[in-house]
Amino acid sequence: MRVHVRLFAVMAQDAGTGRVDLDLSRGAGVASVREELQRRFPKLRWPRGTMWAVNQEYAASEQEPLKEGDEVAIIPPVSGG
Amino acid sequence: MRVHVRLFAVMAQDAGTGRVDLDLSRGAGVASVREELQRRFPKLRWPRGTMWAVNQEYAASEQEPLKEGDEVAIIPPVSGG
Amino acid sequence: MAEPEKDSIRLVNEPLDAGAAVAAVSCAEAGGIDLFVGTTRAESDPQDGGRGALLRLDYEAYPEMALAQMEKLVQRARERWPIARAVVWHRTGAVAVGEASVVIAVSCPHRAEAFESCRFLIDELKKAIPIWKKEVYEGEARWQGESAGG
Amino acid sequence: MAEPEKDSIRLVNEPLDAGAAVAAVSCAEAGGIDLFVGTTRAESDPQDGGRGALLRLDYEAYPEMALAQMEKLVQRARERWPIARAVVWHRTGAVAVGEASVVIAVSCPHRAEAFESCRFLIDELKKAIPIWKKEVYEGEARWQGESAGG
Numbered sequence: 000m001r002v003h004v005r006l007f008a009v010m011a012q013d014a015g016t017g018r019v020d021l022d023l024s025r026g027a028g029v030a031s032v033r034e035e036l037q038r039r040f041p042k043l044r045w046p047r048g049t050m051w052a053v054n055q056e057y058a059a060s061e062q063e064p065l066k067e068g069d070e071v072a073i074i075p076p077v078s079g080g
Numbered sequence: 000m001r002v003h004v005r006l007f008a009v010m011a012q013d014a015g016t017g018r019v020d021l022d023l024s025r026g027a028g029v030a031s032v033r034e035e036l037q038r039r040f041p042k043l044r045w046p047r048g049t050m051w052a053v054n055q056e057y058a059a060s061e062q063e064p065l066k067e068g069d070e071v072a073i074i075p076p077v078s079g080g
Numbered sequence: 000m001a002e003p004e005k006d007s008i009r010l011v012n013e014p015l016d017a018g019a020a021v022a023a024v025s026c027a028e029a030g031g032i033d034l035f036v037g038t039t040r041a042e043s044d045p046q047d048g049g050r051g052a053l054l055r056l057d058y059e060a061y062p063e064m065a066l067a068q069m070e071k072l073v074q075r076a077r078e079r080w081p082i083a084r085a086v087v088w089h090r091t092g093a094v095a096v097g098e099a100s101v102v103i104a105v106s107c108p109h110r111a112e113a114f115e116s117c118r119f120l121i122d123e124l125k126k127a128i129p130i131w132k133k134e135v136y137e138g139e140a141r142w143q144g145e146s147a148g149g
Numbered sequence: 000m001a002e003p004e005k006d007s008i009r010l011v012n013e014p015l016d017a018g019a020a021v022a023a024v025s026c027a028e029a030g031g032i033d034l035f036v037g038t039t040r041a042e043s044d045p046q047d048g049g050r051g052a053l054l055r056l057d058y059e060a061y062p063e064m065a066l067a068q069m070e071k072l073v074q075r076a077r078e079r080w081p082i083a084r085a086v087v088w089h090r091t092g093a094v095a096v097g098e099a100s101v102v103i104a105v106s107c108p109h110r111a112e113a114f115e116s117c118r119f120l121i122d123e124l125k126k127a128i129p130i131w132k133k134e135v136y137e138g139e140a141r142w143q144g145e146s147a148g149g
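Note that the protein sequences, when read in sequence, are chains C, H, P and D. Going letter by letter, the first sequence gives residues 0 to 80 in numbering that gives the first Met the number 0. Going letter by letter, the second sequence gives residues 0 to 80 in numbering that gives the first Met the number 0. Going letter by letter, the third sequence gives residues 0 to 149 in numbering that gives the first Met the number 0. Going letter by letter, the fourth sequence gives residues 0 to 149 in numbering that gives the first Met the number 0.
Pulled out of the complex, with its shape left as it was, chain C reads as follows (with noise of 0.2 Å):
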């Protein structure tokens, strides 16, 4: 299956996209997105407090099961206001 990546600030820096599509197996978690990811990008750093949003929802844990299309955010410590 096919879900969509979205990085930003710092990991976007790193990654040099703020966009990627991965191919995983069905089933597969957020787990195997971060795991893809940084068999990708080597330099990726990943900080401390980094949290997860599946379909622009923050997700409870990174065992949840991904569907197809999802849009995965990555979502390092927010810095707004």
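Keep in mind that the hints were calculated from the coordinates and are not lab data. Remember, it's a predicted structure, so these values are computed and weren't measured experimentally. Since no wrong hints were added, every one of them can be taken at face value.
Derived lysine to any residue pairs resembling SDA-like cross-links, with alpha carbons at most 20 Å apart:
#1 D:126 - C:47
#2 H:42 - P:145
#3 P:71 - H:57
If you anchor each label on the Cβ, the simulated ranges turn out as follows:
#4 D:125 - P:27: 17 to 25 Å
#5 P:126 - D:9: 36 to 44 Å
#6 P:125 - D:63: 40 to 48 Å
#7 D:93 - C:50: 25 to 33 Å
#8 P:81 - D:143: 18 to 26 Å
#9 D:22 - P:81: 28 to 36 Å
#10 P:125 - C:30: 51 to 59 Å
#11 P:12 - D:41: 33 to 41 Å
#12 P:27 - C:20: 44 to 52 Å
#13 D:78 - C:30: 27 to 35 Å
#14 D:11 - C:1: 27 to 35 Å
#15 P:70 - H:63: 16 to 24 Å
#16 P:92 - H:39: 27 to 35 Å
Glycine included, every Cβ here is placed at the ideal spot set by N, Cα and C.
Add chains H, P and D to chain C, keeping to what the hints say.
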């Protein structure tokens, strides 16, 4: 000695004026101002919580002696804001 | 800390401009600005005894003392919070329903200080500054605290 | 209570207008309006390692999620306070030192509700809304939280 009395809001309305000069005996306090005002303006209501100011500072006690030329303000409960 | 002359403390006989108040407290030392605007609600009083709708408020001040006490109030706030600049503006005269009667703005290095000092200023202003309002209804007018029909 | 569509929740690519925010939340039900403006201080960092003065901030948002989360935040505030109208505006892109990066305004029947809900909104916005700032100095630029020179 002469003191300058200022009245505001409902009290100015009752007295029909916002300014009264009073001649008091030397060393009189604000309690004497009250007596004199109530004598002159029988319709003057004295709302609960009314305070005094002498020369634009809240006065601590009705016994505080006044001086020639003092400005004595009668401050009914405020309602600004 | 900024000098007190950077403050703006006024009694104003025309509509208050909240944007101008924010501009007046903006400065390089400020990380947070809090502004409070007090307005008159168009409330229908449940104890309406035929006096009709509230049309406006008439504010009267003891101006010399009100200004002096507002200055002192800002000084008291500065003893507790690192206020860069402060605005305290209060209307006098006729204020239509829905218009602002008071605007308070403070700028501080951090937001908690701005919120707390602004709240302090409006709370204390309402307690101790010699300003009075008269409620003007279609059928009657009376000073706040004056008993109905009195 | 007012409908949520009376709120204004935006990401904005140009200077924020605090006066317009106050106007947007003004309404007949409001007795108190509180407005918060967050600005960037022109601070000289004590750990300056030759990177020079702070020139500006660059804000990046995850816009779809940021807007959706800001809407939810206002809904959460409405469960606790009787908010008539709310404004939540956040800048994106380059923000000069001294300019506002965020403006929040709420109108409520009473002032305590306005202060508390406004404070809640800015506190929660800073915790959970997906927006990031990059500090741009004369000599370098780095994302907030990124280690120096990283």
